[in-house]
Amino acid sequence: MIMKRIESVNDFVIKFANVNGTGSASANNLFAKALFRMGIPVSPKNIFPSNIQGLPTWYEVRVNDKGYLGRRGGIDIALSVNPQSMAQDIREVLPGGYFIYDDTKPLDLRLHRDDISIIGVPLTRICNEQYDDPRQRQLFKNVIYVGALAALLDMDFKVLTGLVEDQFKGKKNLVLPNIHALELGHQYVRNHLECPIGIRVEKSDKVGDKILLDGNTALGLGALYGGATVAAWYPITPSTSVVDAFEKYAKRVRIDPGTGRCNYAIVQAEDELAAIGMAIGASWNGARSFTATSGPGVSLMSEFLGLAYFAEIPTVLFNVQRAGPSTGMPTRTQQSDILSCAYASHGDTKQVLLFPSTPRECFDFGALSFDLAERLQTPIILMSDLDLGMNDNMSEPLAWDDERKYDRGKVLTAEQLEEGVEFGRYLDVDGDAICYRTYPGTHPTKGAFFTRGTSRNEYAIYTEKGEEYEANMLRLLRKWDTINEYVPAPIIVDCGAETDTAVLYFGTSEEAAREALDYLSAEGVHLNAMRVRAFPFNKEVQEFIERHKQVFVIEQNRDAQLRTLLMAEFEFGPDKLKSVLCFDGTPISARNIRKQIKTHLNSDNVLPLHRNTALLRAGESR
Numbered sequence: 000m001i002m003k004r005i006e007s008v009n010d011f012v013i014k015f016a017n018v019n020g021t022g023s024a025s026a027n028n029l030f031a032k033a034l035f036r037m038g039i040p041v042s043p044k045n046i047f048p049s050n051i052q053g054l055p056t057w058y059e060v061r062v063n064d065k066g067y068l069g070r071r072g073g074i075d076i077a078l079s080v081n082p083q084s085m086a087q088d089i090r091e092v093l094p095g096g097y098f099i100y101d102d103t104k105p106l107d108l109r110l111h112r113d114d115i116s117i118i119g120v121p122l123t124r125i126c127n128e129q130y131d132d133p134r135q136r137q138l139f140k141n142v143i144y145v146g147a148l149a150a151l152l153d154m155d156f157k158v159l160t161g162l163v164e165d166q167f168k169g170k171k172n173l174v175l176p177n178i179h180a181l182e183l184g185h186q187y188v189r190n191h192l193e194c195p196i197g198i199r200v201e202k203s204d205k206v207g208d209k210i211l212l213d214g215n216t217a218l219g220l221g222a223l224y225g226g227a228t229v230a231a232w233y234p235i236t237p238s239t240s241v242v243d244a245f246e247k248y249a250k251r252v253r254i255d256p257g258t259g260r261c262n263y264a265i266v267q268a269e270d271e272l273a274a275i276g277m278a279i280g281a282s283w284n285g286a287r288s289f290t291a292t293s294g295p296g297v298s299l300m301s302e303f304l305g306l307a308y309f310a311e312i313p314t315v316l317f318n319v320q321r322a323g324p325s326t327g328m329p330t331r332t333q334q335s336d337i338l339s340c341a342y343a344s345h346g347d348t349k350q351v352l353l354f355p356s357t358p359r360e361c362f363d364f365g366a367l368s369f370d371l372a373e374r375l376q377t378p379i380i381l382m383s384d385l386d387l388g389m390n391d392n393m394s395e396p397l398a399w400d401d402e403r404k405y406d407r408g409k410v411l412t413a414e415q416l417e418e419g420v421e422f423g424r425y426l427d428v429d430g431d432a433i434c435y436r437t438y439p440g441t442h443p444t445k446g447a448f449f450t451r452g453t454s455r456n457e458y459a460i461y462t463e464k465g466e467e468y469e470a471n472m473l474r475l476l477r478k479w480d481t482i483n484e485y486v487p488a489p490i491i492v493d494c495g496a497e498t499d500t501a502v503l504y505f506g507t508s509e510e511a512a513r514e515a516l517d518y519l520s521a522e523g524v525h526l527n528a529m530r531v532r533a534f535p536f537n538k539e540v541q542e543f544i545e546r547h548k549q550v551f552v553i554e555q556n557r558d559a560q561l562r563t564l565l566m567a568e569f570e571f572g573p574d575k576l577k578s579v580l581c582f583d584g585t586p587i588s589a590r591n592i593r594k595q596i597k598t599h600l601n602s603d604n605v606l607p608l609h610r611n612t613a614l615l616r617a618g619e620s621r
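Residue numbers for the sequence shown follow numbering that gives the first Met the number 0, so the first one is 0 and each next one is one higher.
Honestly, I wouldn't trust all of these hints.
Simulated pairs of lysine to aspartate or glutamate, EDC-like, Cα-Cα distance not exceeding 20 angstroms [what the hints assert, rightly or not]:
#, residue 1, residue 2
1, LYS65, ASP517
2, LYS157, ASP102
3, LYS202, ASP155
Distance windows between CB atoms, simulated [claimed, not checked]:
#, residue 1, residue 2, range
4, GLU402, GLY66, 30 to 40 angstroms
5, THR123, ILE210, 34 to 44 angstroms
6, ARG403, LEU54, 39 to 49 angstroms
7, ILE210, GLY430, 22 to 32 angstroms
8, MET328, LYS250, 42 to 52 angstroms
9, ILE117, LYS170, 34 to 44 angstroms
10, ARG112, ASP517, 22 to 32 angstroms
11, PRO94, THR326, 49 to 59 angstroms
12, ARG109, LYS157, 19 to 29 angstroms
13, LYS548, LEU54, 39 to 49 angstroms
14, ILE254, PHE569, 26 to 36 angstroms
15, LYS548, SER25, 43 to 53 angstroms
16, SER7, ARG109, 26 to 36 angstroms
These are computed hints drawn from the structure, not numbers from a lab. From the three backbone atoms N, C-alpha and C, an ideal C-beta is built for every residue, glycine too.
Taking the hints into account, I'd like the entire structure generated from these sequences.
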């Protein structure tokens, strides 16, 4: 049987297999950015362990001229320089694909496959011949294989060298050695191997004005543009770089040029509980403040979130989700904090959630969070995840309207208090269940109140009278209806055909879902789609679900948390909402979504889909 090679132009998935701590991520990122500069849409995913160094790490790049940016599933090219993972790496290559490895040592015969192309490049031997320093050998090996790939894929070599020059601008001592390493790999392949292979790249114009940006940087910028002046935090993967980004840009624009005084404050607290307490205190005093964390931090913060909800103190929390529970897999992605955040804290609480899907939305929603928090006088929890937060994502450019005014909400001034305006901190004057507040020190004798997390009446006076507690709780429930009017509306995509079936997704599931829907449409399976962008769910979400016989809810957790939330809020039955799940710590793939939906549509529907997810995914090329 003759092997049929995978052949394509600007359409493939490549996976790099490295050893963590060897500097490989920079070289792999160089490869992805070079393709991006060539006008080719790319989606890089860094899959790394939680230890500092030594364990296997992978870097997957989706290349697709059609602009699909989610994980496709399956590997066309594997480049393996890690003996620890080589057996796994070669197994993952699709039939007809390509396995590139360091053949300084011969490939174990037990790993050989007849249905793929195996390409050896003596990376270690080249390094040993060129470099005496062990660290240089380690670092430049990665750059050498990027140069080799450039020849194998017929990349524009000048794009790579231009990137190196830009990256190390002003550091000539770094530019020339890196370009030399690229040339070593490129020349070896040109001189010793047949190239290009069946998969190649060529310049395109499919990127447009898109940028490559990670969501955490976008969140930090969003907080800055949103008027935040205080950040209180405790380091935790994968949210640490949110505050790092905020600090980086605050140093540029929030320092008084005359006095050198910082017009911002960043406090690293002793733990997550203290961090959110500081953020709440700063917000109560009139500053726009925030904290950033991940799932374990949210668990610690839940009591304070209850305080902020009940005392109605504006609070912004950026939750960059990771795999849980407990410490879980700190460097793997999931969407598994939905329920813990929606009902954070004890008692009857409901927290506002925002679900961005791109860096641009991280920026927009990051800034919007502060307006919403102050307008609605409640915590706003922005739900990102590791995939969006720490990976470069293609995104619309960030934009800001300099005429935009911050919405500080219902805040009484000293003049209004002096004029005799009746003030009750928890008194609903306007009928929207949002009460007026004051900043501490606004007036010497008027407008003061005592903030507490215990029961009180409309005038913030302590009480344990059941009817007064009940009245306040009912007002908070009415405020929830008001909140519906302010949070971002869902986005609906009509398939253009008659159908009683739909899909619903949120956050980083969007791109893989979009590609899966195109697959299904080509096979005659037509589904309408909705991307939910916030909780509370507005009437559009309810109406969309009601007009379909069944709706597949795509999410990246084990227990179908968004589905559970929809059922709780709208009282839909389990037959209405069907789960499509992924919870292995990697971003959900288009092929996985397609397979689960088709399996269900072709089944007798005896068992709920989410109970059989593991079976459905058996043998799936992820």
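Hints the structure violates: just list their numbers, smallest first. 2, 7, 8, 11, 12, 14
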